[in-house]
Amino acid sequence: MKRQRKVNQLGISIVNFFEDYLPNLRGMSPHTIYSYRDSIVILLRYMSSKYNRGVESLELADLKAGNIEQFLQHLETERRNSIATRNVRLSAIHTLARFLSGQHPEQVGNWQAIIAIPFKRGVRQIPTEYLDAENIKALLEAIEQHSNNVCRDYALFALLFNTGGRVQEILDLRLQDIRFTAPHQVRLHGKGSKIRNCPIWPSTAKLLEDLVTSLATDDVNTPVFMNQQGKPLTRFGVRYLLRKYAQIAGATTLATNKLPHPHSLRHSTAVHLLKAGVDYATISQWLGHASLTTTMRYARADLDLKRQALSLVFPEILAAQPPASHRLSEDNNLTTWLKRL
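Each residue of the sequence shown is one higher than the one before, starting from 41 at the first, in our numbering.
Don't read these hints as lab results, they were simulated from the structure.
Among the hints, a few may not be true.
[Said to hold, decoys possible] Pairwise CB distance ranges (calculated):
(1) R85 to E184: 40 to 48 Å
(2) K177 to R93: 51 to 59 Å
(3) P242 to E184: 24 to 32 Å
(4) W241 to K104: 53 to 61 Å
(5) A256 to I123: 47 to 55 Å
(6) K271 to K160: 18 to 26 Å
(7) G290 to N107: 18 to 26 Å
(8) K177 to A153: 28 to 36 Å
(9) I123 to S69: 18 to 26 Å
(10) S254 to K90: 45 to 53 Å
(11) H303 to N92: 34 to 42 Å
(12) V95 to I157: 20 to 28 Å
Just so it is clear, CB atoms sit at the ideal spot from N, CA and C, and this is done for glycine as well.
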């Protein structure tokens with residue numbers, strides 16, 4: 041008879057961390073818990089490889105501050121993670137260490153050493169990736185011509201462009217969240233369990249209505265976007281579809297000239313709203329940003345906006361010829377000219 045392996049303290053603590061501490065005591069959203077889960081899974085796999093033992097054989101004593109520091113170095117060197125991603129993983133580990141300090145106070149010195157590991161500074165400013173109007177049109181035309189499920193895919197990407205919603209917000213959409221009559225709108229469930237209503241074009245409402253009709257259901261809790269197996273479409277499914285149609289259309293982002301990722305559709309909506317003259321506060325509410333500072337990043341993203349701003353700053357004065365004494369000529373050599381500036 042095979043003896044059943046006993047669950048150790050690390051396993052018990054991790055289960056309590058995810059099933060009770062994060063959702064109940066900390067009140068974290070499912071999306072944040074999923075992010076923490078991914079971070080802890082990567083950590084456990086690294087520790088398993090380091091000690092050449094199965095994950096189920098790891099102990100609390102293996103979670104040493106030195107091992108955590110080596111893990112963070114592994115993220116940057118082996119996995120090629122950015123500093124921002126490294127800090128996200130460390131944030132999850134800090135939260136776990138704080139939880140363990142209450143569950144196992146006999147090792148509080150180790151948990152404090154882990155909590156004391158600092159976040160890394162020097163996060164590089166990544167250019168905002170977005171699509172211009174021409175690339176958006178090409179992408180939607182590719183869906184019309186090459187999709188096996190035109191009704192779903194066209195409605196999906198039209199809604200992403202229309203609302204600027206996060207991919208998961210759109211995928212969480214239920215039949216009861218759509219208003220098909222004027223004023224047309226959808227109800228999005230955002231970060232931190234925040235709910236916001238977002239207006240949509242009549243054409244987008246018609247696309248959604250056609251899609252809902254094809255679902256042939258009266259259950260208002262039915263997800264709007266389903267895969268071929270009749271299950272809710274996932275973020276990975278959206279990424280696959282976007283990459284597929286972008287390759288067909290030859291659509292690339294302006295900042296990096298790369299294929300767009302799902303979040304670049306959200307950036308596209310924000311930049312086009314800004315170029316249309318919509319104020320920052322409205323865009324912030326539209327996108328569900330927690331801070332206006334987040335919205336301000338889009339002002340740095342578009343070169344046309346910078347050119348427009350430049351043309352408004354003393355255009356007549358700056359267009360005038362410089363004084364004669366400040367002109368460089370044959371009789372006015374470079375050294376003399378520099379001294380007169």
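> Which of the numbered hints are not met once you compare them with the structure shown?
Replying inline: When the structure is compared with the hints, numbers 3, 6, 7 and 8 turn out to be violated.
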